Amino acid sequence: MAVWQYLLIVVPEDSIDNNYECIFKNNKTKFLPETDVFWKNFNGDIPSIISELDQIIPKANWGNETYLNWKGNGQNEEDNDACICLNDDKTKIEEFQFRIDLRKPSNITNILQSILNLCEKHNLVLIDLKGKIFEPELEDVLGSIKASNAISFISDPVKYFENLSI
Numbered sequence: 001m002a003v004w005q006y007l008l009i010v011v012p013e014d015s016i017d018n019n020y021e022c023i024f025k026n027n028k029t030k031f032l033p034e035t036d037v038f039w040k041n042f043n044g045d046i047p048s049i050i051s052e053l054d055q056i057i058p059k060a061n062w063g064n065e066t067y068l069n070w071k072g073n074g075q076n077e078e079d080n081d082a083c084i085c086l087n088d089d090k091t092k093i094e095e096f097q098f099r100i101d102l103r104k105p106s107n108i109t110n111i112l113q114s115i116l117n118l119c120e121k122h123n124l125v126l127i128d129l130k131g132k133i134f135e136p137e138l139e140d141v142l143g144s145i146k147a148s149n150a151i152s153f154i155s156d157p158v159k160y161f162e163n164l165s166i
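If you're matching positions, the sequence shown starts at 1 in our numbering and goes up one per residue.
In short, the hints are calculated from the structure, not lab data. Be careful, since some hints might not be right.
To be verified - Straight-line Cα separation of at most 25 Å, DSS-like style, residue types lysine-lysine; simulated pairs:
id, residue 1, residue 2
1, K71, K121
2, K90, K121
3, K104, K146
Fair warning: this is a prediction, and the values are worked out from it, not measured in the lab.
From just these sequences and the hints, can you work out the full model?
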């Protein structure tokens, strides 16, 4: 993950229950927790989600039938990407996350907003790296973006790296 990218995890809205506390809030590892439990009862239109994401970010030239990837043009400061992991028979999502390149405002107004629209249409919510849950509305996500390491780096790269050594 590039330092200028902002990551959001996507899960079905109706999957957020008491298990959320156990999975995200109590995660003591340096890694993102597994999210497949959130997708267990999701009966949404997976092909539609994939097709809509194809319209937002170009499909990457890696992955396979169960590990789907999308990647924007990093050379044009459009280093946006997404990943959807499916189960072996491709009937269930096990993971869905995406990253937005914050170096270019159009990535927020176009790419992020389009993904938020997709999430709203399919009753999906977002979780940031701190475990905060967001409705798929730009106003809700902007506070997390402003407090992110990505914005800190973009605003003042030297200060960002100096703060790492503290």
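Going through the hints against the structure:
| no. | hint | in the structure |
| --- | --- | --- |
| 1 | K71 with K121 | holds (22 Å) |
| 2 | K90 with K121 | holds (21 Å) |
| 3 | K104 with K146 | holds (14 Å) |
Consistency note: the structure conflicts with none of the earlier hints.
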